[in-house]
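Visitor: For the record, the sequence lines run as chains X and A.
My numbering numbers the first residue of the first sequence as 1 and each following residue consecutively.
My numbering numbers the first residue of the second sequence as 1 and each following residue consecutively.
Honestly, I wouldn't trust all of these hints.
When the alpha-carbon atoms are kept at most 27 Å apart in a straight line, the in silico DSS-like pairs for lysine-lysine are as follows [claimed, not checked]:
no., chain 1, residue 1, chain 2, residue 2
1, X, Lys126, A, Lys364
2, A, Lys130, A, Lys344
3, A, Lys172, X, Lys126
4, A, Lys264, X, Lys126
FYI, nobody ran anything at the bench for these hints, they're computed from the structure.
Single-letter residue listing:
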Amino acid sequence: MEYFLQQLINGITLGSVYALIALGYTMVYGIIQLINFAHGEFFAAGGYVGVIFMSYLLSQGAPAWVCLSGSLILAMAYCAMLAVAVEKVAYKPLRNSSRLSVLLSALGMSIFLQNGLMLTQGVYDKAYPTELTQGGFEMGNVMLSYMQLFIVSLTAFLLVALNVLVFKTRIGKAMRSTAQDKVMSALVGINANRTISITFAIGAALAAAAGIMVGLYYGSVRYDMGFVPGIKAFAAAVLGGIGNITGAMIGGFIIGMVEIFAAGYISGEYKDVFAFVILIAVLYFRPSGIMGENVDDTRV
Amino acid sequence: MKRLFMTVLLAAAVIMLGSGMAFAKTLKIGTMGPLTGPYAADGVDIKNGVLTAVEVMKANGGIPGFDAIEVLPQDTACEPRQAVATANKLINEGVKGVVGSYCSSATLPASEVLDEESIVMITPASTNEKVTSRGLEYMFRMCGRDDDQGAIAVKFMLDKVKAKSIYLVDDKTSYSQGLADGVEKMSAAAGIKVLGHEHVNQGDKDFSAILTKVKQQNPDVFYMSMQNSATGALMLIQARRMGIKATVLAQDAVYHPQLIEIAKDAANDVYLTFGFIDDNAPAYKEFYSAYQPKFGNPGAYSGYAYDSAMAYMMAVKAAGSTDPAKVKAELMKLDYDGATKHVKFKENGDSGSNYIIRKVENGKFLNYWNPATGELY
Chain X
1 MEYFLQQLIN GITLGSVYAL IALGYTMVYG IIQLINFAHG EFFAAGGYVG
51 VIFMSYLLSQ GAPAWVCLSG SLILAMAYCA MLAVAVEKVA YKPLRNSSRL
101 SVLLSALGMS IFLQNGLMLT QGVYDKAYPT ELTQGGFEMG NVMLSYMQLF
151 IVSLTAFLLV ALNVLVFKTR IGKAMRSTAQ DKVMSALVGI NANRTISITF
201 AIGAALAAAA GIMVGLYYGS VRYDMGFVPG IKAFAAAVLG GIGNITGAMI
251 GGFIIGMVEI FAAGYISGEY KDVFAFVILI AVLYFRPSGI MGENVDDTRV
Chain A
1 MKRLFMTVLL AAAVIMLGSG MAFAKTLKIG TMGPLTGPYA ADGVDIKNGV
51 LTAVEVMKAN GGIPGFDAIE VLPQDTACEP RQAVATANKL INEGVKGVVG
101 SYCSSATLPA SEVLDEESIV MITPASTNEK VTSRGLEYMF RMCGRDDDQG
151 AIAVKFMLDK VKAKSIYLVD DKTSYSQGLA DGVEKMSAAA GIKVLGHEHV
201 NQGDKDFSAI LTKVKQQNPD VFYMSMQNSA TGALMLIQAR RMGIKATVLA
251 QDAVYHPQLI EIAKDAANDV YLTFGFIDDN APAYKEFYSA YQPKFGNPGA
301 YSGYAYDSAM AYMMAVKAAG STDPAKVKAE LMKLDYDGAT KHVKFKENGD
351 SGSNYIIRKV ENGKFLNYWN PATGELY
């Protein structure tokens, strides 16, 4: 039982990270039907901005909460701007061409950003300060570290904030209507370009938050860190029903849990296999994912 | 008549080409290692080690008969296919000596290609047994072998830790899995109970599921065989956070300054098998003082790469040419104190293993236990 509980905690933590990244994929897909392969790079960039700023703040003797929230806000803002720039440069000029060309442009952007990170930040891992991440609760043999608690609660907060933004605000309304019909919403006075930019910015900001959490929790960031979680989060978005926000969250948690339980009870070697088997099985029975792709109300 | 004329012309061309090569005044040394991808740090260390050796050689008067020494770094990315491609590229460049590569999985296929062309290859870091056991003519190795390394690890567990049980984790490369399999077998034969042997994937960051398993099994020794020191560091941080009490034993690929930079306090009390390097030896000091100002603190295999390049250049110097048979004969004659070890090649190309147990204490790698004497340093 203790073993199960511990693995459950591990699974929820990993699932939170996937869920946050998956949201960016799903929001962008919802609004312009593009699988943004460069999304994993926003996650990596967020991790880097976080570590650079956090180390600086710590060296200036700032208290822990200032370091954490300061670097979190800065990284999210930086990645939001980066995503808007990427959209303007690589995707907007191709908006009316075939979906394949935009997809290739996204792949190219991913390679460009990853190599840019390698050239500017080097090939070595960059270590996060570990002073902030020590300790945790111990109940019997079950460990719940403060970091895990931080990750899960921050994810929960961001998910709630995102839901409020999408379903309760004017911007959210504009996003939903642009997702449903770009031309029609433009006719009623919604600025499609601005709305698309905002969607990219929000998705990248969430990925940046995930990047910092991963850096803090696992201890380091590396220029190619965006690739594997990017693929997993993409799978999570598809699993939940791409284009569907609730689906992406559920998908992220499912992939995280499956991975952890497969590694914990079967074999670490095949955990990815199990994650993707679940994906295939779900898509076989529900081709549009768990929540479905075309639930127009919840689509962004 | 026309045919005869063409033949003469061709013969003249061949002679000119041949003499042109004989008068070539640049010694080309290829280096192979991962310069991109997850092991890029180690590949860069190797490249820097070779560059340092060339600088030192030049400062000491260079090689008579060669005006210049050129280093051609190649990126294998630790991928077998890319390694073969880079080997072919070096062959086309007319390179006669190669230092590299890092990963055994890249060295094994690349060396087959290079050996066919009689090109000398000295690996500073590939420890898999097969590297020198295939009977290749021009394959040399500056570092130790995994069967020796595994044996020392098991000896340490038996004699010093007095371990009754072990749990192994590797990350599925020729090197890391080969080594872990060897340790598993030897441990079982020595009566240490093997509680489990897990494999993780390249690029994984989250090891919580496996570490929870390890914690539940509660082994005396947790053996960590990772190809990448940074991955090892991440695993350590998570293991310590989870409260795993086992003695952590790792190997030469985890031995890298990165381990301590990333894992910080979590790296303390980790034991590692690595070749004995005498920091106070004059040759090491010469290497260090040339390397450090330019590239920072040497990585795990910078010194071995330096020695590999040095050995090759000394052999070329003695042979007076890059003719492979002559260079090989001179390499076999070498018998001197290098920066990292006493360089003396055996018949199969190995230069002998001298593994000891090192330990991380207060953020530093220290020599800890000498398996030959069974005593602490």
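Visitor: Does each hint hold? Answer for all of them.
Guide: Against the structure, the hints come out as follows:
1. Lys126(X) to Lys364(A): With Cα atoms ~18 Å apart, Lys126(X) and Lys364(A) stay inside 27 Å; holds.
2. Lys130(A) to Lys344(A): With Cα atoms ~20 Å apart, Lys130(A) and Lys344(A) stay inside 27 Å; holds.
3. Lys172(A) to Lys126(X): holds, 24 Å
4. Lys264(A) to Lys126(X): Distance ~12 Å between Lys264(A) and Lys126(X) Cα, so the pair holds.
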